[in-house]
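Can you build the whole structure from these sequences, using the hints too?
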Amino acid sequence: MIKSIKDLEAIKNKMAASLYLKNPNPQYTVIFNYNEELKAKGVDFLIDYTIKTLLDLNRLDVVVMKVYKEDAKELTLTVKGETLVTNYEHLTKEVIDLIIKKHLVTGDKK
Amino acid sequence: MAKHYDIVICGGTGCMSSKSLLIKEKFDELLKTYNIAHKVHIYMSGCFGLCEKGPVVIIYPDQTFYVHINASHVEEIITSHLINAKSVTKLAYYEFDDETKQKVYKSFQEMAFYHNQERIALRNCGIIDPYNIDEYIGRDGYFALAKALEMKPEEIIQVLIDSGLRGRGGGGFPTGLKWQFAAKFKGGESFVICNADEGDPGAFMDRAILEGDSHSVIEAMIINGYAIGAKQGYIYIRAEYPLAVKRLKHAINQAYDYGLLGKNIMESGFDFDLEIRLGAGAFVCGEETALIASIEGGRGMPRNKPPFPAERGLWGRPTIINNVETYANIPVILLKGAEWFNKIGTQRSKGTKVFALGGKIKNTGLLEVPMGTTLRHVIYDIGGGIPNNKKFKAVQTGGPSGGCLTSDDLDTPIDYDNLIKKGSMMGSGGMIVMDEDNCMVDVAKFYMEFIVEESCGKCTPCREGTRRLYELLVKISEGNGTLETLEELKKLAHDVQDTSLCGLGQSAPNPILSTLEKFYDEYVEHVVDKKCRAGVCKALTKLYITEKCIGCTKCARNCPVNCISGDLRKLHRIDTDKCIKCNACLHHCPVHAIIHV
Numbered sequence: 067m068i069k070s071i072k073d074l075e076a077i078k079n080k081m082a083a084s085l086y087l088k089n090p091n092p093q094y095t096v097i098f099n100y101n102e103e104l105k106a107k108g109v110d111f112l113i114d115y116t117i118k119t120l121l122d123l124n125r126l127d128v129v130v131m132k133v134y135k136e137d138a139k140e141l142t143l144t145v146k147g148e149t150l151v152t153n154y155e156h157l158t159k160e161v162i163d164l165i166i167k168k169h170l171v172t173g174d175k176k
Numbered sequence: 002m003a004k005h006y007d008i009v010i011c012g013g014t015g016c017m018s019s020k021s022l023l024i025k026e027k028f029d030e031l032l033k034t035y036n037i038a039h040k041v042h043i044y045m046s047g048c049f050g051l052c053e054k055g056p057v058v059i060i061y062p063d064q065t066f067y068v069h070i071n072a073s074h075v076e077e078i079i080t081s082h083l084i085n086a087k088s089v090t091k092l093a094y095y096e097f098d099d100e101t102k103q104k105v106y107k108s109f110q111e112m113a114f115y116h117n118q119e120r121i122a123l124r125n126c127g128i129i130d131p132y133n134i135d136e137y138i139g140r141d142g143y144f145a146l147a148k149a150l151e152m153k154p155e156e157i158i159q160v161l162i163d164s165g166l167r168g169r170g171g172g173g174f175p176t177g178l179k180w181q182f183a184a185k186f187k188g189g190e191s192f193v194i195c196n197a198d199e200g201d202p203g204a205f206m207d208r209a210i211l212e213g214d215s216h217s218v219i220e221a222m223i224i225n226g227y228a229i230g231a232k233q234g235y236i237y238i239r240a241e242y243p244l245a246v247k248r249l250k251h252a253i254n255q256a257y258d259y260g261l262l263g264k265n266i267m268e269s270g271f272d273f274d275l276e277i278r279l280g281a282g283a284f285v286c287g288e289e290t291a292l293i294a295s296i297e298g299g300r301g302m303p304r305n306k307p308p309f310p311a312e313r314g315l316w317g318r319p320t321i322i323n324n325v326e327t328y329a330n331i332p333v334i335l336l337k338g339a340e341w342f343n344k345i346g347t348q349r350s351k352g353t354k355v356f357a358l359g360g361k362i363k364n365t366g367l368l369e370v371p372m373g374t375t376l377r378h379v380i381y382d383i384g385g386g387i388p389n390n391k392k393f394k395a396v397q398t399g400g401p402s403g404g405c406l407t408s409d410d411l412d413t414p415i416d417y418d419n420l421i422k423k424g425s426m427m428g429s430g431g432m433i434v435m436d437e438d439n440c441m442v443d444v445a446k447f448y449m450e451f452i453v454e455e456s457c458g459k460c461t462p463c464r465e466g467t468r469r470l471y472e473l474l475v476k477i478s479e480g481n482g483t484l485e486t487l488e489e490l491k492k493l494a495h496d497v498q499d500t501s502l503c504g505l506g507q508s509a510p511n512p513i514l515s516t517l518e519k520f521y522d523e524y525v526e527h528v529v530d531k532k533c534r535a536g537v538c539k540a541l542t543k544l545y546i547t548e549k550c551i552g553c554t555k556c557a558r559n560c561p562v563n564c565i566s567g568d569l570r571k572l573h574r575i576d577t578d579k580c581i582k583c584n585a586c587l588h589h590c591p592v593h594a595i596i597h598v
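Chains as they are written, first to last, in my numbering: chain A, 67 to 176; chain B, 2 to 598.
Keep in mind that the hints are not guaranteed to be accurate.
To be verified - Within a straight-line C-alpha distance of at most 35 Å, the following computed DSBU-like cross-link-like pairs (lysine-lysine) qualify:
no., chain 1, residue 1, chain 2, residue 2
1, B, Lys-107, A, Lys-78
2, A, Lys-105, A, Lys-118
3, B, Lys-153, A, Lys-69
Calculated from the structure, these hints are not laboratory results.
Printed below as a string of structure tokens:
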């Protein structure tokens, strides 16, 4: 039962996590390059980790997506902000933590 | 588990009739087979709008827009797109680059059809799951109600007056003023009605809103009830809209479950109940007094006004009737404010308007643009222009009550007043585009035949007059008319317009008067030259094969009555005595050698 605006806000907050993929204007878009070879190398766990970490931080203004790149030999990611596009490579969980902390949280370039 | 993708399948009536439910079932089955169901959120939404490309599937976050999808495509989308991040380009929407003429694949947001729109009434259609009230709340749903319940009723009405919102059902009466009239009648019961009896041929704006976003209408009706002191609302919807009815029922039940309908809504002390009333599909029941008669259990017939329903409506009590699109605007206006809404549109027509674009247009579908947008922008930039390199001839706005606009009107900003000045009207938003192959006499005949069928028969001018008008049009289209017939047609049209009881009869002659004014030469050709330039009026048409014929035999092979003869690579001939003028030969000729004479 909804008895007040607080009840509505609670539902809205709960739903934000399931609506964020459709966010038309994310603050940041994190793009992983991807192909069958990278998949075979087992890079999916890093992508899963990124998504999970961002959701745990309630960063619903960041959208994570994979884009096919046929000749990619290594998993890399690009962070697209409002004005800045930054590429990152040599990805590990620790590097991703750093990117999230330094770039997506504080807005620093690197 | 964090989701990687949202898959949204269009669940509007158009795509559902093209079996989009099978697409959903196939996705459900194969997502499990490939063990990725936990990474995907999949559901069916309301109408996306671009019906021409249906069934449509959108994949987020990359916003890939897959078109003309069927169940057999699903496995490839899963294995290629969802598993390997490689979109299936052969199924993806594309446009041609103007300069390079190369295909350019466009995401949902980049598509010309969508990025030229401004969606207020359609804000949630194609976005949320219509069966999930939480998704509506997730996009600010019912926050306007919460805000309204903190306001005084007169403050709510003032916001609407200040916003400049006018009724979207056709009349264009200021919504806030209408509410103010009803609110003046204190004491006793009053009612709120949503007019969802959308009957114009080719119009489906209201159906799409109810299928895709029922809660926006429910929320606005509760606010309406609070503002005028009504405790009971009705949604009058035609039974011909079963999907909209089903989703509406579901949404009403959810609203009751959440305490947003019923007693003591959000602990405000305000009670409001809402019921659905099914109509049998009579066009006249879109007229508010006929609609009220139908809800009361009587025959759907209009009565004289005044008194207007805001003073004496359902069961003789003050009643507000607004249409679906009008209601869908109201929660956003209350949340964002009158000033925000007032900035959109033109001086006297504020906000946006939803149109159902159909006829001879590439992008058939549903769109929403700010008032003041030109017809050219709607038809060419959003609608994609006229197919098959044909020439634009006219557009009918306002359905059978409206009129046609020609190429001279393409740069006219669309709003209530401009359309009336141009001899048409906004109506509820049907927009039928016609090209050089449409005969304007036939167009007038089509709408008049519709009105003859739909006249309730209560008043003589409409019951008898529209039938006589139709007979005159038949006479003209069969080559039996004269110039005097045209005069008779015009005079009778004015008589019906001036003397009919309700809006249906009063506006019924509009398509005739409009086409007579703008395409008089075509009428003259029919009665003097006994010719139909578009080749539509069969009695006035003969098909002829010109010297351009290359003797490919396609015409002969596609003729259903075998009336075309000729040797291979030789000029062919049509036996006009046998020809039934079906135009099959004309459509199959690869060199356009067949013409109407």
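For each hint, the structure was consulted:
Under the criterion of a C-alpha separation no larger than 35 Å, the hint pairing B:Lys-107 with A:Lys-78 is consistent with the structure, at around 30 Å. Our distance criterion of 35 Å between C-alpha atoms is met by A:Lys-105 and A:Lys-118, whose separation comes to about 18 Å. Among the hinted pairs, B:Lys-153 with A:Lys-69 is consistent with the structure: their alpha-carbon atoms are about 19 Å apart, no more than 35 Å.
The structure fails none of the hints (numbered hints given earlier).
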